[in-house]
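Using the sequences and the accompanying hints, generate a full structural model.
Residue numbers (the working numbering), protein chains in the order written: chain A, 29 to 240; chain B, 29 to 240.
The set of hints was computed from the structure by calculation and includes no laboratory data.
Computed Cβ-Cβ distance ranges for the label pairs, DEER-style:
hint	chain 1	residue 1	chain 2	residue 2	range
1	A	Pro-137	B	Glu-156	18 to 28 angstroms
2	A	Lys-68	B	Pro-185	51 to 61 angstroms
3	A	Thr-77	B	Asp-186	50 to 60 angstroms
4	B	Gly-131	A	Ala-63	27 to 37 angstroms
5	B	Asn-221	A	Pro-185	15 to 25 angstroms
6	B	Gly-222	A	Gln-179	20 to 30 angstroms
7	A	Asn-136	B	Pro-137	28 to 38 angstroms
8	B	Gln-109	A	Asp-215	24 to 34 angstroms
9	B	Pro-78	A	Ala-63	20 to 30 angstroms
10	B	Arg-46	A	Pro-102	49 to 59 angstroms
11	A	Arg-48	B	Gly-151	18 to 28 angstroms
12	A	Lys-68	B	Ala-165	38 to 48 angstroms
13	A	Tyr-83	B	Asp-186	51 to 61 angstroms
Some but not every residue of chain B turned toward chain A, in silico, with C-beta under 10 angstroms:
hint	residue
14	Ala-141
15	Glu-150
16	Leu-231
All C-beta atoms in this analysis are idealised placements derived from N, C-alpha and C, irrespective of residue type, glycine included.
Protein chains: 2
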Amino acid sequence: MPRKRSPGRPGGDSEDLRRRLIDAALACYVREGVAAASIKSIAGEAGVTPALLHYYFGNRELLRQAVVEDRILPLLRGVQQELALVSGDVGTLIAAFVSAMSGAIEQNPWWPALWVREVLCEGGALREVLVEQVGRAFLDTFVQRFAQAQQQGDLNPDLDPRLLPVSLVGLTLFPAAGAPVWRQLLDAEDIDNGALQRHTLALLQRGLELRS
Amino acid sequence: MPRKRSPGRPGGDSEDLRRRLIDAALACYVREGVAAASIKSIAGEAGVTPALLHYYFGNRELLRQAVVEDRILPLLRGVQQELALVSGDVGTLIAAFVSAMSGAIEQNPWWPALWVREVLCEGGALREVLVEQVGRAFLDTFVQRFAQAQQQGDLNPDLDPRLLPVSLVGLTLFPAAGAPVWRQLLDAEDIDNGALQRHTLALLQRGLELRS
Numbered sequence: 029m030p031r032k033r034s035p036g037r038p039g040g041d042s043e044d045l046r047r048r049l050i051d052a053a054l055a056c057y058v059r060e061g062v063a064a065a066s067i068k069s070i071a072g073e074a075g076v077t078p079a080l081l082h083y084y085f086g087n088r089e090l091l092r093q094a095v096v097e098d099r100i101l102p103l104l105r106g107v108q109q110e111l112a113l114v115s116g117d118v119g120t121l122i123a124a125f126v127s128a129m130s131g132a133i134e135q136n137p138w139w140p141a142l143w144v145r146e147v148l149c150e151g152g153a154l155r156e157v158l159v160e161q162v163g164r165a166f167l168d169t170f171v172q173r174f175a176q177a178q179q180q181g182d183l184n185p186d187l188d189p190r191l192l193p194v195s196l197v198g199l200t201l202f203p204a205a206g207a208p209v210w211r212q213l214l215d216a217e218d219i220d221n222g223a224l225q226r227h228t229l230a231l232l233q234r235g236l237e238l239r240s
Numbered sequence: 029m030p031r032k033r034s035p036g037r038p039g040g041d042s043e044d045l046r047r048r049l050i051d052a053a054l055a056c057y058v059r060e061g062v063a064a065a066s067i068k069s070i071a072g073e074a075g076v077t078p079a080l081l082h083y084y085f086g087n088r089e090l091l092r093q094a095v096v097e098d099r100i101l102p103l104l105r106g107v108q109q110e111l112a113l114v115s116g117d118v119g120t121l122i123a124a125f126v127s128a129m130s131g132a133i134e135q136n137p138w139w140p141a142l143w144v145r146e147v148l149c150e151g152g153a154l155r156e157v158l159v160e161q162v163g164r165a166f167l168d169t170f171v172q173r174f175a176q177a178q179q180q181g182d183l184n185p186d187l188d189p190r191l192l193p194v195s196l197v198g199l200t201l202f203p204a205a206g207a208p209v210w211r212q213l214l215d216a217e218d219i220d221n222g223a224l225q226r227h228t229l230a231l232l233q234r235g236l237e238l239r240s
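Okay, here's the thing in C-alpha cells:
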C-alpha cells in the first residue's frame, strides 16, 4: 500500500476530495481530540472507506501533519502576514490583531475549539508544534513593539509588554472558544462578531472608564 | 459491598484519607480528563487499592459528584461569597473579582487546567453542572450591576454588560490556564501572581492609554 499519494499536482476532483477528508479530520479532532480520532471515525465522518484515507495520507500521524500544514499553519501565517503589513502606531497594530483574529475565526470556525483542546489543554497534541513553529516568533515581535511603544510614552506604562499578548488572546480567541457556554448562559444569541469586536476594542482602548 | 460510607461524621484519619483520595481524583482529572480517569488510575495515584476507593465513594460517578461537591462548588461559592460582601462602586467589584479569582487559583492550582478540559472543551464533563449550579446566577448578578453602572454613567458606555464578565474571565482564568504555554514562550518565570494582577487591573482600569 502506498504511504502517500505519488508526487505531482493532483487534479481538481482529487483536490476537492483531499479538502473534504481534511475537513472530516478537523471535525473529529474538535469532537474527540486528535489522540482519540481514528482513521475509521474520520473515514466515517467523510463518508469514505478507511482504505481511501490510508491511500491519501498514509497513516494517522501523516494525516495529522497534513491537517497542520494545510489548515492550521496557513491560518496562523495569514494572521501574521496581515499584521506584518500594518505600519503605524501600536494602537493600529492592536486593532488589526483584534480584526485579524475575528476574521480568522469566522473563516475557520473549528479553530477556537481545536485550540482549546489541543493547545491549551495539558498534553494537547498541537501544543509543541504551534509553540515552536509559530508562537515564539509571533510573540517576540509583539512584545518588542509593545516595549518600544511604552518607552516612547505611547502605551500605558503599567502594562507588562510580555503579558499584553496573553491579554489579547484572552479577549479574542478565548471568548470565541467559550461562546457556546456564554451564549447559553447569557441568552446572547444576538451578539455577533461585530458587536464582540466593538466591545473588545472599547475595553482595550479606554478601559472601564470608571467615574470615581 | 457498601455503595458509600455509612452516615455520620467520619473520624480525623478518615477525613484525611478522603481528602487524599479526592486530591488523587483531581490530579487524574486534570491529566487524563474526567471521562478517562478510571478508579484504578485514581487508586494508583493515591497509593491505595481500587477496593478502598470503591468503599469510600461507591463508583466513578459518585466519586465525580464528591469531587464537585467537596472541591469545585466550594471554590466557586467562595468567590461568589467574597464578591457578595463587596459594597460600593463597580470598579471595586471588578477589582475584587480579579483578586478573588487570583486567590482561588493560588489555593486550588488544579482549577484552571480542569476548567479548560471539562468546562471550556466541547463535551466537557463539568460544563452542565457548573453552568446550571453556579454560572447562571453568578453571571446574572454581574451583568445587572454592570448595566446599572452604565446607566448611571459610571462605566464605559461602549462596553456590552453581558460581554464584560466574559472579558473578565478571559483576563483572569484564561491567563492562569495558559500559563504553562506563555511562561515557556516568553521566558516569563519571573512573572508572579501579583504582577499578573497589576497588569490586569491597569488594563481594565485605564486601557492601553494610547497617545494618539
